[in-house]
Structure formats: structure tokens, C-alpha cells
Amino acid sequence: MIEIKNLSYSYPLSHKKIINGIDLTVDKGDLVLITGPSGSGKSTFLYCLNGLVPHVFSGDMSGSVMIADVDPRLTPISEISRRVGTVFQNPEYQIFMPTVREDVEFGCRNVGLEEESLERNSRHAILELGLDELLDRDTSTLSAGEKQRLAIAGVYAVGPQIILFDEPSTNLDVAGKQSLRKIIKELKDRCYTIVLVEHDTALFEDIATRIYVMENGVLKTGDDAHKSTIRERKAHNFCQDFDAIIEVQDVSYGYDKSSPFFNHLNMIIRKQEVVAFMGNNGSGKTTFFKLLMGILKPQEGRIAVAGDIIRSIDDSAGRIGLLFQNPDEQLFASTVREEIMLGPRQLKKACDCEDIMARFDLKKYEYVHPHALSKGERQKVAFASVAALRPDIILLDEPTTGLDEKSWLALMDYAFSLVKEGTTVLFSTHNRKVADFYADRVVVFDKGRVISDEIPKD
Amino acid sequence: MKYQKIDTPIHRISPFAKIVYSIAVSLLVVLLKAPLQLCLLAAVTFCVLLLAKPDFARLKGLIYALGAVVITTSLSQAFFYYLEPRTVLVTIIDKATPIVGTITGGIYIYKEGALYGLIQSLRISSVMFMATAVVISTHPSQMIMALNKIRIPKELSFIIATSMRFLPQLLEETRRVLVAIRLKGFKLKGISNSIKASKYVLSPLVINSLRQARLVALAAEVRGYSFRKANSREKGGLLRFDTLDLIVISFFVVLLYVAILPFKMGLSKVPLVHAFFFSIPFTCVLLIGIRIVPRFGTATLMILGHSLFAQIVSRGINPLWWPYALLEAAVLETYFFAAKDYLASRQSFFIAGLLRGLSVYLYFYFVASPYIWHKFYAPWYIVVHTFEGALGSAVGGLIAYRVSKSVEAAYRHGGL
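Sequence lines, in order, name chains A and B. Under our numbering, the first residue of the first sequence carries the number 1, and numbering increases by one thereafter. Under our numbering, the first residue of the second sequence carries the number 459, and numbering increases by one thereafter.
So here's chain B without its partners, still in its complex pose (with noise of 0.2 Å):
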């Protein structure tokens, strides 16, 4: 958890007063253009951010992750860039150079670019200290509650404090599953090892989760808490999930934040590949996932909940996120309805991967990209990381069809 106990004016303020400085911050992100204005939002946020007192370590890291943010995108920028006039600083490939050429249009440094992408690395530096002053700030079960206030359906609600509940849990075991597998010489270092471990690791991870959202659901129903009573049988509400779906959810929320851990760690940062193995384990647990509870609704839930989350975890509560995740869960909910069925063959995993890939992709360079954080990125650069990161889904896909395979075959047994 990134919450620090301590006493500062911000961590005064109400967690709903936060909300709604999120959400300004996010709509100034998206409409200034100016680079004074960028840069007088950023020395806010920066500002309110100092406010909270955040601890050296958590600052250093946050400088550290800046650095990043500003070269990576002066660096794309300076790749992308292409508007005019525009100054050549280093031809990497010539435009002249038969095939490689003819199909990027030559890549080039542009002084240009550079120094756009350092202006626009100024809106990514505003949402992050915005998002650290807020998740610093703010306890994770006070978050909740200001979302309450904001109306967030019930099921949500229930499963993104359950899911906090269970997430301390979730990660000792995760630490336990992956010592047993060490222990009987499976390495997890290195690409190939850390896909073959995973292949194993999954199976007992989601069992596990699932013998013991069981007995949470149990405990909870005589305790007196019961979804069936609370949400909407009689009231004809639209999604009908008991105590046991919505806690198995739950659980599911958290290996979804688990499962892409390491991924935040190494792999995400080497470009190109990121967008491949990125998406593999998220693709991977939420499709399991939907599969174990296969109705409408659960892929909303799932994707949402997860989203707000590891917002309220880690990320600190971030608008900006909510189209991703909303779009995400649309199409497969689309999808699902349209194919009449929850992820019942090999094919149907793959589609539905596939589906997930792109949409994610796509939306980020046709709307995020352009329109929130203003940058460019050449039309071939496009279509690969699109491709990487529809392909790394639809493999996530197929590995989870594999997975649920074998936890259905426990179930069959009357294991779970």
C-alpha cells in the first residue's frame, strides 16, 4: 500500500474534495496547449504534492520514473515528430533505404521533436504528481467510501474493498507459489524461463483463490452479508451476482494486479517488446477469470474494478484511465453476447483476446495519444506495437483456455 500515515493539510482534505481534484486536473491535462501553461499545472500538482510530505524513497522513485517519462517521450517525439519546419539532427535509417525504408518513410532525430516531447512530457509529470499526492494521502478504505458518494454501483464497491482485504494475503502466497516452483529448479529469470514457470505458476494461484473465496463467501453469508438479499433478485436489478461471484471477482481483481507485477519491474520498459508481454498475463488471469464466472456483467466488474484498484493502490485515482477501462469491458461484453457464449472453446479465448488487444491499442493511438497526451508516433510504429500487443493478448488467450482447463478439471472432480 502507498498510503502514508501522516498528518499534512492535504491528508486533510476530503477524499471526495480529491476526487474532484483528479478529475480537474485530468480535463487540464487534456485542454491546455500552451507550454506555460503546462508547465504552471505541473509546478501545482508539484506543489500539492510537496504539500503531502511524500518520504525521500517514495520522491526519489517518483524522480527516477519522471526521468524516464521525460526521456522516453523527447526521445519518441524526437523519432515522431512531424510537423514543420523540422530540423534533422541524426538520420537512422534513410527514407532512400530499399524496404525498411520505403515502409517507415526513413527514420530520423528531429531537434524539433525533442523539445515537443519535453513539452508534453510536462501533462504525464502533472497526472503523476497528482496521482501520488492523492494515493499518499488518502487511506484506501476512505477512497472507497468517497466513491460511494459518487454512486458507483454496489457489486463495485464490494469487490474493490474486498479485493484491498485480500490483497496483503494474495502476494504472501504469490511469494510462497513461486518459492515451491523455484525450489524444484524452474528459474524466473529471463523470457523463456519466466514463460515457461508461468505456464505452472497460474494453475495453483487461481485454485487456491478459488477454494478460498468459498470460504470468504461463506463466512460473509453468516455473518449476515449476502448479495442476494442486498443486490437485486427481487428488484429485478441488472446484475444478478450472489455473495460467492462477486467474492470470487474479487479475488480475481487482485491476481490481475498481481499477475502484472514483474511485468511493471523489467519487461515493460524494453521497447518494442512491452506491448507483447505486457498483455499476456493480464489478458491471461481476466480471461480465466470470466471463464470461472461466466455471465454478463463479470468482465465489467473485473476490468473496472481492477482499474480503480490499483488506482486507489498504487496509481493514485486517475480519470484518465476510465475510457481503457470502460471501452475494454464493452467490447467483450459485446463480444460475448454477440458469440452467445462465455468463453466455451479454444477459439472463442483466442477471439476474445484478440479483441481486448486491439481495442486497448487502438484506443490509445487513434484517442489517447492525439487527443490527451498529444504526441505522435509514425503510422508503421502504429501498426506494430498494435499488432505486439493484439498478438500477446490472443496469446494470453490461448494460455488461459489451457489454465481453465485444467481448474475445470479439478472442479469436475469435486476438488474445489
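Chain A with its partners taken away, still in its complex shape (with noise of 0.2 Å):
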């Protein structure tokens, strides 16, 4: 089905080769999990097999291609996409339309399929992917995990015979991940052959075909180097005598006042400490921590850091850092250095721009624009720009998102190295491991009330 020859290939401009010769043959039925740091040209491979390149990224292509019976590279991009379906990562990028209908219908009707076919197949992929109770629901208003559903059914309802999968799981919860999982393997089982390109290998590692690693531009094979290589508990010397850092006093908050979503919540967060906040999306994590912040106000109870209550968020500028999922997102200045002096400055605290710089390793991007770098990096700079705050408190926004393992393990470590000298971390996650790995107590939420708060076992 994918018969693919000493491939490589190197952007416009560019003599990098970000794909380095790469064989592989993948037959019908087969799934192919592929697995690699970031930047190491996962996502480039899969435009090479879809026709990306080089209908949209020209560059340089050697080697042979064949897709389906096709050479991507001679056949135009609405061709290809008949017999090769996208998912990407994030599904809000690929909806267009706005019903589930008429989205599903959408690359059905761009590849020219007829009337009835088109019919027929919408019909068949809403039913298959459990779309029909919201075939007419505004596609803004679809949870992440709906979402993803609609835009695998978008792919699903053109027909075609090779579907690829592009970090599919990192915008979802356990549940909307146990999903997808289904989705998948429901769909090797019916022989459609699938490349799927994932950070979590746990995830799929059972139902794959073969497990490759990338690296490089080079696809790796027969060892363990996908396994996860978290092994044991991080642990630092927390004790549960230290002073309370967070107190949340009998805090309630919801739209609906007479049944609020947070009811009477109370919690004790002490320095130093390292919690981690689980639950399914729409569980209350980041409704916590923006009453923690002060960006909402409790509408009864009071939340105090240090003592002092926090009544809006520039109560909580400089003594609580938040670092995004996206760290794109917090980046301001034109290079890392201004970046890393920019709170300081504004908020005029002393900090040491060298030891923040050698700290996080940044100091050759020392006068580089910090959206020049890539996103591993991207995020090392935002974090070295909230710890060069010194807050009591720094909240991280499922820090292990999007990131492959080494980047997000060096991130949690650099969170560590802060703990140790005085600061309080929670972080949101949907990783158990993780969870249980880096924290001192794991609290998990369920429709605003905790429904366990536990320190994670050895």
C-alpha cells in the first residue's frame, strides 16, 4: 500500500536534510506507529506521503514515493486526497463548515464525489463515528473529543485507503484518548492502513503493526527506545509541617449561582509543594486555577497566597507564574534576553538574567527572537521568562502536552530545581505516570468537587 524508497527531503531554502533516506514498506491492514522527538520530521514524512510535499512545500525530494498506487509527486492534491485521508493534531484546524453535516460533507464534495456517493458515505462515517445525535450541533460548540470524532469523520467519509494520523491525541482527556484508541483499532480492523504518528506509544503500542522511532529524519527500528523511561518517583524533601502557601476557604463559584460549580471548596496547598490536578476536560482544573489567580472571583470564600487575598489577577502579577500549554502564547519580546528581563523589569525585582539564561540553557539564543526557536525551546524560554519572576507559586498547564518525553521530562525537572529553592508547583495533567511520578499529592476533579486528594504511592 506504501512503498516508499530512500526518501529524503529538505525544505525551500534549507540544506538540511529533515528526511535522511528513509525505506519503508507498509501493507494493507498494516498499522504503523511512529514515534520521535520533536522536530525530528515526523510530520514532515506524512507530507511526503499525502502530496504536502511537493504540491505545498516545494524544497528538494529525492528518492521514490508510491501511495496507493500512486506517486504523490505526479498526481495533483485532490487526487491524493481521495485515496489518503490527514488527521492532524489539533482538530479545531480541519473543521471548516459549520454544522457536522455539512462538515462531513465538506472534503467529499471538494474531491468531487458525486451526490448519492457523497450521501451514502456521510451517512456511513457520521454512523460510524457515533456523529448522528449532532449532525446538526454548531461544529464551535463540539467538546475537544467530539471534535476530533468530526474530523476523523471528515476523512473517513471521502473513502480512502491510507489514513494518516498526525499526534492525534494531544488535545484529549483519558476518555476522549480511550476513544480514539477505539476509533483506531476499529478501523485497522476493517483493513484501512494506517501511519500513525503519536507521542503517547503507550497509548497504541498494543494494536500497532510495527513501532519506528524517529530521529534525525531517519525512521529507527527493533528496540525499546519508544518505552516511556520514567521509572521511579521524583522525590525532594516536602514536609507536611511547612507553611501554608495557598489557602482556599469555603470558595464557591458557577454561572449558576443557586447550584454553584465549585461548592464550599476548601484546600491547604503548603510551600514547596508539587500538586498535580487531574480529571476529564470540563472537570474544574482550569477553573481552579483561574480563581487562583484572581482572573475569576469567588463568588463566596476567599482564596489567600502568603496571607493576602487575591482580588484580581495584578494581585497575583509576580507571585504566581503560569506557564501555557502553548507557550507561543506567552512570548513578547524580540529576544530571549529581553524576554527573561521583561517582568522583572516592569514589575522592578532583581533578577539574574546570566543564571536564568545558564539555568535553562538559552544563553547561545541569548539575542535570538524567541518565536525563532523551536517549540521545545519556545517553551523553555517561557518558563525561564515566569521563573526569572521568582513567584511563590508556579502553575503549569498540562506541561507534558504536545511535548515528547525528553522535552517535557527536562521541563518538569527545571520545575523541580525550583521547588527545591522555595517555590510551590501544581500542575494540570492528563498523565497518570506523570502525575504520580513529579507530585507530592495528586488532587483529581469531577464536575467542580474533589473526589480525591492523595499522595501517589512509590
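It is possible that part of the hints are untrue.
Keeping only pairs whose Cα atoms sit at most 30 Å apart, straight-line, the calculated DSS-like set for lysine-lysine is [what the hints assert, rightly or not]:
1. 518(B) with 257(A)
2. 463(B) with 447(A)
3. 460(B) with 17(A)
4. 290(A) with 657(B)
5. 349(A) with 645(B)
6. 17(A) with 349(A)
7. 290(A) with 863(B)
Short derived list, chain B residues pointing at chain A, Cβ under 10 Å [as the list claims (entries may be wrong)]:
8. 465
9. 467
10. 468
11. 666
12. 678
13. 806
Just so you know, these hints were derived from the structure itself, not from any lab. Even glycine gets a Cβ: it sits at the ideal position worked out from N, Cα and C.
Join the two chains into one complex using the hints; note that each chain is given alone, in its own frame.
Have a look at this one:
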């Protein structure tokens, strides 16, 4: 179904071969799982299969590719899309139409399916992906899991022989990931050929026909390189007798005041404690963080940080640092040095920029534009700029999402080094292993209630 | 989104008929002169609005806005009325006062002016009733389909639909960016604070939009939707945009909408300085967008796209806004064509900003104000206001130059 020989590719104006001499044969019904660090060429490899290379990205492509009996270089991209479907990481970007029904039909119309097959295929895709009850729903109101299913349905309806998935589980919670796994397994059982690029290999390794690791544009197999390196729990000298840094007392908050989402919530978090917050999307993790920062105000009760009540976000500036999932939303300056110094300068706080750059290994990028770096490096700059303010508390919003294991392990290690110097770290995650590995305490939310608050087992 | 999902007779009327209704009301606003006729028009449009059953919060908001319109129009006309006979109620500055009196010709409050303003405010009220009725009763996607029927260019319709699709996401991102900058100690309240913060906020918003636009364009391509093919290269069409260009323009249309939101709430209501502050963010985002897709047609698609998008989402279809957008676009396109460069230098950003500001305010005072809204303004006021608008727009141009430099630095190093 896929026959690749000695494939190499470099982007226009670049001498670096992002894909470097790949050979791969995939038979009908195989599921090939590819993992590897960010920037290793995984997504670009998929672009070589779905025709984006060379039809959208010109560059220098050599070797041979045959996919579903066509050479993507000689076939128009609309023709390739009839045979090869692609599901991207963020379904948000691949939904174009206002309603579920119209979006499922969108791809079919573009590739010129006739009305009869269009209707039949769309109906089939809608039923298969369990979207029949959402047919006329506004696509912007769907949950992350529903959007992912819609993205798959849109691809499935066109009737491809091969489906490419580019990190599809990134934005999903535990329930969403399980549902995605089930869908992909069913597609495999129906003899669809699947190439799946994914960081969370544990989720799919038992249904994969083969697992490869991509490194510097080369596919490697035959070892356990994809296996998680997490082995044992990280420990530091946290003690339950430390002073309370966050006091949440009788906090109620919600749009419906008669039955608030958070109903008399109480919680004490101590200095230097590392707390993981878990729960499905919509369980209250983000709302809790927003209340801590003063973005939302409790309707009842109070939240104090180091004894001071937080009334607005201006009160938490410099005391609470926040690292978003997407670092691009918090990089403001035009050099890494300026980025690190922006907060301390504004708040007139002392900051040893050299020390921060050394600690985060950023000295080599001192005068580079932060947005010109790779995603892992951008995340590091964002974190360094938060750490530069020496906040009492650092909030990490799903720090492992979208990063390869090496990158997020490094990120969490930076967080841990700050804890040793007195910072308290709170992070949200869908990954139980990460929570157990790093946290002194794991709090699980469900619909605004704390359903579990415990010390993870060794 | 201001659309209200309920079932009323107005909701059931076809969107196309509502566009015809908008055009008809707009024409009547321009043509009718007698106070009784204007009262009747306001009454009819208000009845149509009531039939669309606006919810209480919206009605309350509308009444506040209406109150503001009536007061400001009556007050401004009480100042600037120049028809005779006119009776002076209060003297603010006598024309014999040295310098200020000479320049302004004296500032008085005239009784007849207040009454005249009250009647003229019926025009704006009618438009507000009409626009609200249309926007609350028509789903944006239905309106886009109706606009397609009146044959707006395919590119424009694609831009409006894509902007609509990404508005919630961009609003959410903007909120997050503002949280991040505030956690660094920047404050957003107050003029100097907001200017200081806006210097930093724009860069991540623009760069993030460009990154996302690229991913959306790739997704569109692999779903078989390509503007290279659907459009015109082979057919020799005038507008040669590919999918990525159009998606970048769509993101900028949303950014234009988002950029002026804070100014709608506060500073735009402050008399005498609002023209200056209102012009800065709009011009700034517009010129960054043109710099990123530097070709003939970008300014037009961005300005018309934003105008129609804002009308569909919140203002209501209002043909009286269209000439503004068309003129603004024509002035910028002509300048770029004549200068043979698309914002390649700081000077070019400054001139483009200045021209945009001048054209908008001159159009308002020399066309819209006398012939559509039938309002009077004193020459000194027109000069001050136009100067402010043009200056604000030029300042927006200079900020755009700075942000574009930063975006290009990221781009040059391969980050985008």
C-alpha cells in the first residue's frame, strides 16, 4: 500500500535533510506507529505521503514514493486526498463548516464525489463515528473529543485507503484518548492502512503492527527507544509541616449561583509542595487555576496566597507564574534576553539574567527572537521568563501536552529545581504516570468536586 | 455572537429578504427629511425589532446605546447648529474671546440645535433597530449564504466564513495572552498602561495567528480545498491569492475585530480624543496584515472582510458602512500601486496610516455627516477631529512597522 525507497527531503532554502534516506513498506491493513522527538521530521514525513510535499512545500525531494498506487509527486493533491486521508493534531484547524453534517460532506464535495455517493459516504461516516445525534450541531460548540471524531469522520467519508494521523491524542483527556484508540483499532480491523505519528506510544503500542522511532529524519526500529524512561518517583524534601502558601476557604463559584460549580471548596497547599490536578476536560482544573490567579472571583469564600487575599490578577502578578500549554501565547519580546527581563523590569524585581539563561541552557540563544526557536525551546524560554520573576507559585497548564517525553521531562526537572529553592508547583495533567512521578499530592476533580486527594504511591 | 436562536416570524424570513430590508431602510434614512417621516421609519423598524423578540439584556443594552446616541447627537447639534433662526441658550466661549473665540467663532448652545439633533437621532435609531433585528434573527452562516447569492467575490465569502469559524478561538487566545502579560506586572487600565502593554501583546497574537493559519491551510489542502485550483490562476482572475493567503487574511479580519473591542467599551466614548485612540489599533493590525500578504487586493479583502464580518457578527448588515470600507480600501490600494511598494519602509507605513485616517474622517465629515446623517459640525471641530484621526492612524502605522519587524525577524530565522 505504501512503498518508499531512499526518501530524502529538505525544505526550501534549507540545506538540512529533514527526511534522510527513509525506506518503508506498509501493507494493506497495517498500523505503523512512529514516535520520536519534536523536530525529528515525523510530520514532514506525513507531508511526503499526503502530497503536501511537493505540492505545497516545494523544497528538494529525492527517492521514490508510491502510495495507494500513485506517485504523490505526479498526482494532484485533490486526487491524493481521495486515497489518503490526514487527521491532524488539532481538530480545531481542520473543521471548516458551521455544522457537523456540512463538515463531514465538505471533503467529499471538494474531491468531487457525486451526490449519491456523497450522501451514502457521509451517512456511513456519521454513523460509524457516532455523530448521528450531533448532526445539526454548531461545530464550534463541540467538545475536544467530539471535534476529533468529526475530523476523522470528515476524512473517512471521502473513502480513503490510507489514513495518516499526526499526533491525534494531544488535545484529548483520558476518556477522549480511549475513544480515539477504539476508533483507530476499528479502522485497522477494517483493513484500513494507518500511519500514526504519536508521542503517547503506550496508548497504541498493542494495536500497532510495527513501531518506529524517528531521529534526525531517519526511521529506526528494533529497540525499546520508544518506551517511557519514567521509572521511579521523583522525591524531594517536602514536609507536611511547611507553612501554607495557598488557602482556599469555603470557595463557591459558578454561573448558576443556586447550584455553583465549586460548592464550598476547601484546600490548603503548602510551601514547596508539588500538586498534580487531574480530571477530564471540564472537571474544574482550569477554573480552579483561574480562581487562584484572580481571573475569576469567588462568589463566596476567599483565596489567600501567603496570607494575602487575591482579588484580581494584578494582585497575583509576580507571585504566581503561569506556563501555558502553548508557549507562543506568552512570548512577547524580540530577543530571549529581553523576554526573560520583561517581567522583572516591569515589576522592578531583581533578576540575574545570566543565571536564568545558564540554568535553562539558553545562553546560546540570548539575542535570538524567541519565536524563531523550536517548540521545545520556546517552551523553555517561556518557563525561564516565568522563573525570572521568582514567583511563590508556578502553575503549569498540562505541561506534557504536545511535547515529546525528553522535552517535558526536562521541563519538569526545571520546575523541580525551583521547588528545591522554595517555589510551590501546581500542574494539571491527563497523564497519571507524570502525576505519580512528580507530585507530592494528586488531586482529582470531577464536575467541580474533589473526588480524590492523596499522596501517590511509590 | 449576537444571534438569538428562537423562532419568530422575523427569524423565518429569508436572509436575502433581510438584506433587501437593510438596504431599503438605509436608503430611506438617507432620503427622508420630514420629522414625521423619520418618526414613522423609527417606529416601523422598532416594531420589526420587537417581532424578532430580543431578549431583555439585549434590549437594555440597545436602550442605553440609544440614550447615548440621542444625548450626543442633540448635544453636538446644540453646539454646531448654524441655520437661522437660532436662539442662544448658553454661551460657552464668546466669539469676542481672544484666540479661542476667533478660531472657533464662539461656542454656544442653541435651542433649535438641540431639537434638530433630537430629530436627526431618529435616523441612527432606525438603523440601530434594523441592524439589531437582522443580526439577532439570522445565523451568521445563513447570512454568508445570502451574501453569496448577491455575488460577493468568492474570496471574500471564504474569508468571512473562515473568520467566523476562528473567532471564538482567537478571542480565547487573546484572553490568555492578556493574562500572561498581566502576570508579568503590566496593567491594562489607563491610557499609558494600555499603550505600553499593546506594544508587547500584538506580537504573540500575530505570530500565533500566522502559525495557525499555516496549519489550517494545510488541512484545507489535504481536504481537497485549494484556492489555487478553485480560483483563478488558470482563468486569469484579478485576485491571485492561494489558500494560505486567504486564511492569513481571515485571521487578520478576526484580529481587526478583536483589536478594537477594548476601545469600543471605553476610550471611543471620550469626546475629542476618541478619534485618536480608535484609529491606532485598527490601522496597526491592518497594516501588519498587508505587510504579511503584500499584494494588490489584500487591503481590499481585509477591510471589506472586516466590515462585513463585524456586521454579520454584531453590528447587523448595514449598507451605509460599505462606502467607508470601499473608499478606505481604494485609497490604500492606489497608494501602494503608485508607490510601487507594499509597506517596505517605515515611511511607507506612516504614509499609509496617515492616508487611511484622512480618508475615513474626511469621508465622514464631507459625505456621511451632511448627506446621510444630516448633521452639522463647526469647521474647527472637523479640523481637530480629522487631524486626531489621521495622527492616530499614522501612529498605528508606526507601531505596525515595529511589530512587523519583530514578526519578520521570527520568520527570517525559520521559526514560522
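Consistency of the hints with the structure:
{"no.": "1", "hint": "518(B) with 257(A)", "verdict": "holds (22 Å)"}
{"no.": "2", "hint": "463(B) with 447(A)", "verdict": "holds (27 Å)"}
{"no.": "3", "hint": "460(B) with 17(A)", "verdict": "violated (50 Å)"}
{"no.": "4", "hint": "290(A) with 657(B)", "verdict": "holds (25 Å)"}
{"no.": "5", "hint": "349(A) with 645(B)", "verdict": "holds (16 Å)"}
{"no.": "6", "hint": "17(A) with 349(A)", "verdict": "violated (44 Å)"}
{"no.": "7", "hint": "290(A) with 863(B)", "verdict": "violated (34 Å)"}
{"no.": "8", "hint": "465", "verdict": "violated (15 Å)"}
{"no.": "9", "hint": "467", "verdict": "violated (22 Å)"}
{"no.": "10", "hint": "468", "verdict": "violated (20 Å)"}
{"no.": "11", "hint": "666", "verdict": "holds (5 Å)"}
{"no.": "12", "hint": "678", "verdict": "holds (7 Å)"}
{"no.": "13", "hint": "806", "verdict": "violated (21 Å)"}
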